[in-house]
Amino acid sequence: MENEADIKKTFIENLKAFGYHELHKIFQEIEIYFEITSAFIYDVKSQRFKSKKLLEIGSGATVHHIACASAYFPIIVQSDFVKDNREALKR
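Residue numbers (this note's numbering): 2 to 92.
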């Protein structure tokens with residue numbers, strides 16, 4: 002078994018506090034997006050909103066955000082505030 006000094010030495014050599022701090026900041030920043038996406042998926046799956054069309058604004062340049070909605074809405078229109086993202090969605 003390692004003694005206390007060896008454990009401290011190993012801890013100091015392997016602790017990547019700065020990397021952990023940066024990763025923690027990233028997780029905090031994306032937490033709100035996770036919560037919004039989870040709420041959106043819940044609303045779609047519960048069929049709380051019934052319609053033939055879905056308008057999704059602020060979708061970014063990707064379509065994966067609305068993949069689950071395609072099973073419930075035959076017509077989905079996506080848009081974004083950023084021009085480059087809108088151009089990517091057109092493709």
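Don't take every hint at face value.
Here are the simulated lysine-lysine pairs, DSSO-like style, with alpha carbons at most 30 Å apart [unchecked claim]:
#1 K9 with K53
#2 K51 with K91
#3 K84 with K26
#4 K91 with K53
#5 K10 with K26
#6 K84 with K54
#7 K9 with K54
#8 K10 with K46
#9 K51 with K26
Calculated directly from the structure, the hints in this document are not laboratory data.
Enumerate the violated hints, using their earlier numbering and listing them in ascending order.
-> Numbers 1, 7, 8, 9 - these are the hints that the structure violates, sorted from lowest upward.
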